[in-house]
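Could you slot chain P onto chain C? The hints should help.
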Amino acid sequence: MDNETVGIPASEAEAADIISTARDAGVRLTITGRASKAGIGHPATAGARLSSAGLSGISLYEPSEMVIAAHAGTPLSELEAHLAASGQRLTFEPPNPAALFGNDGEQTVGGIVAANWSGPRRIQAGACRDSLIGVRFVNGRGEVVKTGGRVMKNVTGLDLVKLVAGSWGTLGFITEVTFKVAPVAEAETTLVLAGLDDRRAVAAMCHAMGSPYGVSGAAHVPGEGTADALTLIRLEGSAFSVAHRIRALTDYLIEHLAENPANHNGHSLLDADDSRAMWVGVRDCVPIARPQDRAIWRISTAPTRGPDVVHAIASQLDIRHFYDWSGGLVWVSTSSKGNAGEAIVRQAVAAHGGYATLIRAPMSVRESVPVFQPSSGPLARISVDLKRAFDPDAILEPGRMAAGV
Amino acid sequence: MSTIAFPAPDPAILARREAIWADLARLMPAGGLITSEEERRAFETDALAAYRQVPLAVVLPASTEEVSAVLAYCNREGVKVVPRGAGTSLAGGAIPQEDAVIIGLSRMRRVLEVDYPNRTARVEAGITNLAISDAVSADGFFYAPDPSSQLACTIAGNIAMNSGGAHCLKYGVTTNNLMGLRVVLMDGSIVDIGGDYLDSPGYDLLGLFTGSEGQLGIVTEATVRILPKAEGARPLLIGFASSEIAGACVTAIISAGIVPVALEFMDGPAIRICEDFAKAGYPVEAEALLIVEVEGSEAEIADELTKIEAIARQFNPLALRVSQSPAESAAIWKGRKSAFGAMGRIADYLCMDGTIPTGQLSLVLRRIAEICAENGVGVANIFHAGDGNLHPLILYEAAKPGDLERAEVAGAEVLKLCVDVGGCLTGEHGVGIEKRDLMSYQYNPVDLEQQMRARAVFDPRWLLNPAKVFPLEGRFQP
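Chains C and P supply the protein sequences, listed in that same order.
Counting from 0, one number per residue, gives the positions in the first sequence under numbering that gives the first Met the number 0.
Counting from 0, one number per residue, gives the positions in the second sequence under numbering that gives the first Met the number 0.
Think of the hints as simulated: they come from the structure by calculation, not from any bench.
Note that this is a predicted model, so its numbers are computed, not measured.
Where hints are given, some of them may not hold.
[Stated by the list, open to error] List of simulated lysine-lysine pairs, DSBU-like, C-alpha gap at most 30 Å:
id, chain 1, residue 1, chain 2, residue 2
1, C, Lys145, P, Lys169
2, P, Lys169, P, Lys415
3, P, Lys399, P, Lys306
4, P, Lys306, C, Lys145
5, P, Lys306, P, Lys169
6, P, Lys306, P, Lys415
Here chain C stands alone, though its shape is the one from the complex (with noise of 0.2 Å):
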């Protein structure tokens, strides 16, 4: 084996082949499904390239029991192809990479619990490693390890499922996921608000998450040049339940809205159809996403927060922003050049609290600035070790999520 070579497994069994002789070669490994979020991370030094493509397809499906397991390599699309026709889904909502990253956004469902990828529903429905309830992989030394399972709840043992979700393939070659499943809401519908300004969205999506009306998406889209501001606010469910939630949810933020005045131009409801059109763009970052040339960076804070980090690093540099998760989950543009306005962006994060991932930019700047959120103290110390605890010569994706990660 060489830099050259990429290792396409057609078995568990062949992957740990694969990663043994690289072990014992010395040869570095760069994890892949379909690449879609290849972008993401401190650029690989060379290396030799392992797909989870020969692995596919669906190798459990449970429709009663809620449950739905496949290899690392079968296609998002195609699970969830599966899932649909038995009126089911994953919760978390992964996001499509194609408008990120510009490419056919076709990617694994390995992939998609390397990265950890949730979309708007993860502040109802939790996040991917939330619905993951059992994974295969292959660790560092070339043994097969197998953790959690196939029933939704198992607290047997330590949690690695956690772990390697999330991991970007530092730990262990996924080979095989199990997900919790639920059915699809049989209606959806967006509440609307328009002209609200940052905070005064933040604090009526806080209200709405506050309330019983069981809200599964929450975003806010400033308003750019003669658009308008909107604030997006869905219901899922029975459609009884949600033709009835849906009035007493606008009833209840048009009295917030009274009792804290703000410049608001009106409410109206999205239909199904205009609605899940609407959560598609917000789950994929198309509001910002263009143009490509453009940095991306991903910040989880407190919702309530969201507008101070905005308003800190906006200061400070040209931005463009969009919320999600009520304003917890900021998104933000920012010129590519230098580091990104990385120095600013960290800033940010520490004087509100959360933390900030560089979801998008030139290799050039991958390299010189940190994606993930810099670690430091004994908990540096531990993602070293627990590094070394899954892949001892460090030849999985080393140095993907940070030195010696």
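Here is chain P on its own, set in the frame of chain C:
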């Protein structure tokens, strides 16, 4: 005595007992250290009361800093530590060792901060599960995971075991409702993991700590997600002639795309024992009972209950009754949540906690009955039907020689059965000592070693709650 082994206590530690007491006395304020034999004995077991070990000492810190001082000392001196919340573990997770210091969190139970717009509460980890909900209830919020022991159990223990409850079908278990932790590591260092925002920037240490059974560090503070209470909730009782029919009804409800907030199951013996205790109006003539709870406004509840009733009627229910009042709903839940206590009035029992794929329900219930009959012990089944988390209560008489051992043999066979059909040993109670020696039935040596390698990052010398979770043989030593 029975079959689960404890490691032999370290004679060097036992010999230094008085010196260790003196050192701990310097670290802890007056009243924070317990050394008298009589008072230590109060900590000798938890809810797995068949096993007892009197600890070397008990410290009851009042702050993260005190926890840190004691852990740093124990780490330096090589003294084992057993963390303890309220001692309600059914798996023996809080049972001490003769050469270990208990660090109990019962003095750390304040609510530190409630943030309604961001829907979080920051609490000291010794607070009880129910006290969190009580603190935010007047403002219309609650903390979702609701283990049956929620009146007594602490959030620290819930985090250690990744506890669930009756309502986790909709709201998830502990790991899905946590946002941040303050943790003291074995060397005494204090770290903050996560915070009041979603997800973590690097490896998911929050996820790793949750369910780690006090083996990676001691959690002293937690930031939890609080949720707005539903407008209303109402349970429906459905009695069936057999467990098989009830299981088929559960499948039909979920296949219809309905996920109720709770979906609980009791078999005939459990129904009658609980009814006798709680007078909840359970149908005592039935051999299986489902408690199905739905939430929402009055109109939504009525709409959803109508759909569920229509499905249930296809399975010829012996009884079908919708709660008509909050008092009746409370009685129905009281019966379910006091099931273990009610059972304890008539027999000693071991509470199993395996999870199975729900499609295997009929087979598994039949095999559980056979296994218990073969071993000459009784059984009553109570479980979370929506997620397949079973709680067979294996009944025995402690006074009868050999009965506990027979119950343990039956219990182990039941748990192996859960694994055989694709499930796991424990859904929400944890491994503790109880299921430790079955771990190698669910996991192969490579799986277990990977877990132990991750564990070793935090506690390479096996000082933290070391008798638990991993079989005593073949332990990874870095």
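Quiz item: Can you give the numbers of the hints that this structure goes against, from lowest to highest?
Solution: Per hint list: 3, 4, 6 violated.
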